[in-house]
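Trainee: The task is simple: from the sequences and hints, build the whole structure.
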Amino acid sequence: MNREDIVAVQVKGGGAAHFSMGMGHTLTLGPGESSDKWAEGSPITRGEFEVLLSRDGVFEIVEPGTEE
Amino acid sequence: MAFPSRAQDQKLVLCTKKQTAMGTALTDASLIAATTGARYSPDKEVSGQIDRKFWTDIGLAMKGHDYATTRFETERDYMAAYSFPADSWLAAWIAAFAMGAITSTQPNAGGNPTAWKHVIKPLDPSAGSKDMPLTTIYLEDAQTANLQRRLLDCTVKDFSWDFPASAPAQLTANIMGSGRQTPGALATPPALASLNLLMSNDLVLKYGTQGAPTDISTQIVKGSVKFGFTWQPDDANSRTLGGGLFRTRLWVGGPPQLTLSFQRFVDDAVSTPQDDWLAETIQEVLLHVDGTTIGTGPEKHYMEVRGLAVRPDVIKLGQSGDKTVYEYSFGPGHWIKQGSADVVTVTCQNLSTGFLN
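Residue numbers (numbering that gives the first Met the number 0), protein chains in the order written: chain A, 0 to 67; chain B, 0 to 356.
Keep in mind that the hints are not guaranteed to be accurate.
[Claimed, not checked] Restricting the straight-line Cα-Cα distance to at most 25 Å, the calculated cross-link-like pairs of lysine to any residue (SDA-like) are:
| no. | chain 1 | residue 1 | chain 2 | residue 2 |
| --- | --- | --- | --- | --- |
| 1 | B | K52 | B | T73 |
| 2 | A | K11 | B | V118 |
| 3 | B | K336 | A | R54 |
| 4 | A | K11 | B | T113 |
| 5 | B | K336 | B | A268 |
It is worth saying that the hints were derived from the structure and are not from the lab.
Mentor: Next up, the structure:
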């Protein structure tokens, strides 16, 4: 994994949302927040975003230069 | 002086939070916090009795007698059936800890921010991990320290929704734990939760074309609807070396088992159920139960299950007046995976900001 594999994510539309799967992979974001780490501390990879977070259409990747 | 113990005096506290690891109990602060802990009253008393397995020397040869002289404990477990009148928080808690994956959002963040919608799906071992989420349950059988227990490493082995006529829908959950427990009273347990009931008579059942199933609620025999979900623990690999009496992990070991059945009556001349049986067309089925309005609305407490691609077995049960009654049933092999689409989703709406948090 290199730096490019790590992504920061936010909630589409700027709201609050929570995701969790299994024992790990927990992400809770308040309005306007973004994070590049799971609640457990490990980085969010692009693959994890695509497989876990993107499917419900709730989260999106923060594109460089768009952070608030 | 011993206090008398009655079922009415027992306490059950559940928590939205998952443990950080097998064997690491949730904190008492999490169990009692208004945002995460919740005290509910089940239909009947539930037991905190730990299951134990033993080895004895009864089968050894050359002892000079036929009897055991000793026994050693080898394993612990916890299994118990909990059932509740359906409530929107309980429906979400049970489904989340049985299915393992959840996404929670505010459907109306600006106008009604206290409403939260939870979309719950089966854990996907190929996408995330095989480890089911675990929680800690506080169960007080009586006001005696050794009967005031935190049951660790609990998950929901299976659950069902029933819809008895003229009553709240019924939630039944078989709780599976490692058998670990820590005794001692939970200081200031939460007050009993106010139920946001979901009534059987408010069930809407839709069935038919994918994406636009038809409301057939008026054709459903009251009390006949039943939905169930069971996940398959990988028992063979749950007790690794060095674990002693307890499981060291709880992996998903096989495909989830989904079941749904309902009875439908139609006019004798209507062939729809027979057509459904013979056509093998992939259909959608949806159960939805609305409760009371949340805050200023329009959001309501609700629970819902969607089978996005199903094929039924349909059996003619017989005549009832000028109607013909058919039973639709959907066993585990009737829920179809189409591409990357979900097979089943459970959605609940309530006041909690998240589960498995």
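Trainee: Look at each hint and say if it fits the structure.
Mentor: Hints, one by one, checked against the model:
1. For the proposed pair K52/B and T73/B, the alpha carbon gap of about 6 Å is at most 25 Å, so the pair holds.
2. In summary, the hint linking K11/A to V118/B is supported, as the alpha carbons are separated by about 16 Å, within the 25 Å threshold.
3. For the hint pairing K336/B with R54/A, the CA-to-CA distance comes to about 15 Å; that is within 25 Å, so the pair holds.
4. For the hint linking K11/A to T113/B, the alpha-carbon distance of about 19 Å falls within 25 Å, and the restraint holds.
5. As the CA atoms of K336/B and A268/B are separated by approximately 34 Å, the hinted pair breaks the 25 Å bound.
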